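K.L.:
Okay, here's what each chain looks like letter by letter:
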Amino acid sequence: DQQVKQNSPSLSVQEGRISILNCDYTNSMFDYFLWYKKYPAEGPTFLISISSIKDKNEDGRFTVFLNKSAKHLSLHIVPSQPGDSAVYFCAASALSNFGNEKLTFGTGTRLTIIP
Amino acid sequence: ETGVTQTPRHLVMGMTNKKSLKCEQHLGHNAMYWYKQSAKKPLELMFVYNFKEQTENNSVPSRFSPECPNSSHLFLHLHTLQPEDSALYLCASSQAGGLSRETQYFGPGTRLLVL
Chain A
31 DQQVKQNSPS
41 LSVQEGRISI
51 LNCDYTNSMF
61 DYFLWYKKYP
71 AEGPTFLISI
81 SSIKDKNEDG
91 RFTVFLNKSA
101 KHLSLHIVPS
111 QPGDSAVYFC
121 AASALSNFGN
131 EKLTFGTGTR
141 LTIIP
Chain B
127 ETGVTQTPRH
137 LVMGMTNKKS
147 LKCEQHLGHN
157 AMYWYKQSAK
167 KPLELMFVYN
177 FKEQTENNSV
187 PSRFSPECPN
197 SSHLFLHLHT
207 LQPEDSALYL
217 CASSQAGGLS
227 RETQYFGPGT
237 RLLVL
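As they're listed, the protein sequences go chains A and B.
Per the numbering used here, the first sequence runs over residues 31 to 145.
Per the numbering used here, the second sequence runs over residues 127 to 241.
Keep in mind the hints are simulated off the structure, nothing from the lab.
Every value quoted in this text rests on a predicted model; they were computed, and no experiment measured them.
Hints are supplied without guarantee of correctness; some may be wrong.
Unchecked claim - Quick partial rundown of chain B residues pointing at chain A, CB under 8 Å, derived from the structure:
#, residue
1, MET139
2, GLY140
3, MET141
4, GLU150
5, HIS152
6, LYS167
7, LEU171
8, ASN176
9, GLU182
10, LEU216
11, ALA222
12, THR229
13, GLN230
14, GLY233
15, PRO234
16, GLY235
The beta-carbon is built from N, C-alpha and C at its ideal position, and this holds for glycine as well.
Turn these sequences into a full structure, and let the hints guide you.
P.N.:
Here you go:
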């Protein structure tokens, strides 16, 4: 049973507009959430994270929103640029007994920015 | 070399072969991870090493055998694999146990095909 779900496998957005990627989770033990971006033939690259004590975190064009009661997070990219075209993975984490982040990933959303 | 490197990038092997995947991190981290990504599935954590000690084994079959000789190197030894083991194998590293939540940095992955 998937604990982290990205229900949209793909999304196309016009350049300059806002891209909104969504993620839902089921495990209430998750307390740290991350977004990774992946280009073909490369490994996932960390983009932005948010702790469960916050509801918003912003870094330049990227903002992550967390709604704990709905167990939902979203990534907003504005304005969208052609270089943002990639697969975006949502990950949720709980600390292991050894202090490691135990990441559970979604299946990803392929974002295509249309020039 | 910077970041996390993995070799080989592509590997084709028969079910009776023995091969090894190699990962090296140049970030001074103390934790290393193996993940598996099968087609249409999310990244799945396989193993975690902290300071060269294995701290997580996510119910991985014994035909996958990890080895961590030091904090910078991680191997995944493969023997008598099955075709369903064909996947992208990703290595990651992080600085675990600090005051802030950690970020995992990924290598580019090894694309494995078992015939």
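K.L.:
Each of the hints needs a verdict: does it hold here or not?
P.N.:
Results for each hint:
A cut of 8 Å between beta carbons decides the hint on B/MET139: the least distance to chain A is about 20 Å, and the hint is violated. Given hint, B/GLY140 at the interface with chain A, is violated; its Cβ is 25 Å from that chain's nearest Cβ, farther than 8 Å. The restraint placing B/MET141 at the interface with chain A is violated, with a minimum CB-CB distance near 26 Å, outside the 8 Å limit. At a threshold of 8 Å, the smallest CB-CB gap from B/GLU150 to chain A is about 13 Å, leaving the interface hint violated.
Against a cut-off of 8 Å between C-beta atoms, the interface hint on B/HIS152 is violated, since the closest Cβ of chain A lies about 14 Å away. Evaluation of the B/LYS167 hint against chain A yields a held restraint, the C-beta minimum of about 7 Å falling below 8 Å. Below 8 Å, beta-carbon pairs count as interface contacts, and B/LEU171 has one with chain A at about 7 Å; its hint therefore holds. The closest approach between the C-beta of B/ASN176 and any C-beta of chain A is roughly 5 Å, which is under the 8 Å cut-off, so the hint is satisfied.
Because the beta carbon of B/GLU182 sits about 7 Å from the nearest beta carbon in chain A, less than 8 Å, this interface hint is met. Given hint, B/LEU216 at the interface with chain A, holds; its Cβ is 6 Å from that chain's nearest Cβ, closer than 8 Å. Given the 8 Å rule on beta carbons, the hint for B/ALA222 holds: about 5 Å separates it from the nearest Cβ of chain A. The interface hint given for B/THR229 holds, since its Cβ lies 5 Å from the closest Cβ of chain A, which is under the 8 Å cut-off.
Using the Cβ-Cβ criterion of 8 Å, the hint placing B/GLN230 at the interface with chain A is satisfied: the shortest such distance is roughly 7 Å. Here the hint on B/GLY233 is kept, as its CB sits about 5 Å from the closest CB of chain A, short of 8 Å. Satisfaction of the interface hint for B/PRO234 is found here, the shortest Cβ-Cβ separation to chain A being roughly 5 Å, below the 8 Å cut-off. At its closest, the beta carbon of B/GLY235 sits 6 Å from a beta carbon of chain A; the interface hint therefore holds under the 8 Å criterion.
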